[in-house]
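K.L.:
Using the sequences provided together with the hints, build the complete structure.
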Amino acid sequence: NAGVTQTPKFQVLKTGQSMTLQCAQDMNHEYMSWYRQDPGMGLRLIHYSVGAGITDQGEVPNGYNVSRSTTEDFPLRLLSAAPSQTSVYFCASRRPPGTGGIYGYTFGSGTRLTVV
Amino acid sequence: AQSVTQLGSHVSVSEGALVLLRCNYSSSVPPYLFWYVQYPNQGLQLLLKYTSAATLVKGINGFEAEFKKSETSFHLTKPSAHMSDAAEYFCAVTLNSGYSTLTFGKGTMLLVSP
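Just so you know, the sequences run in chain order A and B.
In this text, residue positions in the first sequence follow the working numbering: the first is 62, and each later residue adds one.
In this text, residue positions in the second sequence follow the working numbering: the first is 3, and each later residue adds one.
The hints are simulated quantities; they were obtained by calculation from the structure and are not laboratory data.
Check each hint, because a few of them may be wrong.
Stated by the list, open to error - Across the chosen pairs, the derived CB separations fall in these ranges:
id, chain 1, residue 1, chain 2, residue 2, range
1, B, SER14, A, PRO122, 32 to 38 Å
2, B, LEU22, A, LEU140, 41 to 47 Å
3, B, TYR41, A, THR81, 26 to 32 Å
Claimed, not checked - Where chain A lies over chain B, by a calculated footprint (3+ residues, C-beta under 8 Å):
id, region
4, 46-52
5, 107-115
We treat Cβ as the ideally placed atom computed from N, Cα and C, and that holds for glycine.
P.N.:
Below you can see the structure in the form of structure tokens.
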């Protein structure tokens, strides 16, 4: 089924460890983004990309790195995990503007990360 | 830049009562507006969206929202609450220009009592 696939669904890290959250979409969407969700804070944008090779920071980028080498994949890297990064992470994509069809974002099912 | 304010972090209603969840937005250009619902331990599900067509938008599960430019509002309503409506609801805004990002409100938890 077409959509956004996030892996893993759950992860526990120790403080200082590194890891990569994977996000892949098969809809040929140029725009992809990462959000974190924390209680009472809604979803906050971490990083986004408007196409392969192009990334930019969102509202809460510190502690996270991204790269976009292909249209399909947009991994999120935690270089040195901290307890403050305990959160639920969502990846989202959408088609380029002006390409017709129903405008909207497609979200992955999320990754629940705990840093101890 | 754009922003969203959701009034009330928690809203409680009785089953069968009117549901009203408030959302006000701020944007420099015409916005696209969305309501998402999130059930416990699940992902986001799109309820409805406004993309500059009809100002009254009907969504899934009997929900609807009205875009009011003069009030910069996009409140979500449902005539009669059901127990299964208990969830967290998020309003979100993006701009009708280029690759604008999607900005979320902080969410409103809807509690439905029998």
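K.L.:
Evaluate each hint against the coordinates.
P.N.:
Hint check results:
{"no.": "1", "hint": "SER14(B) <-> PRO122(A): 32 to 38 Å", "in the structure": "holds (36 Å)"}
{"no.": "2", "hint": "LEU22(B) <-> LEU140(A): 41 to 47 Å", "in the structure": "holds (44 Å)"}
{"no.": "3", "hint": "TYR41(B) <-> THR81(A): 26 to 32 Å", "in the structure": "holds (28 Å)"}
{"no.": "4", "hint": "46-52", "in the structure": "holds (count 3)"}
{"no.": "5", "hint": "107-115", "in the structure": "holds (count 3)"}
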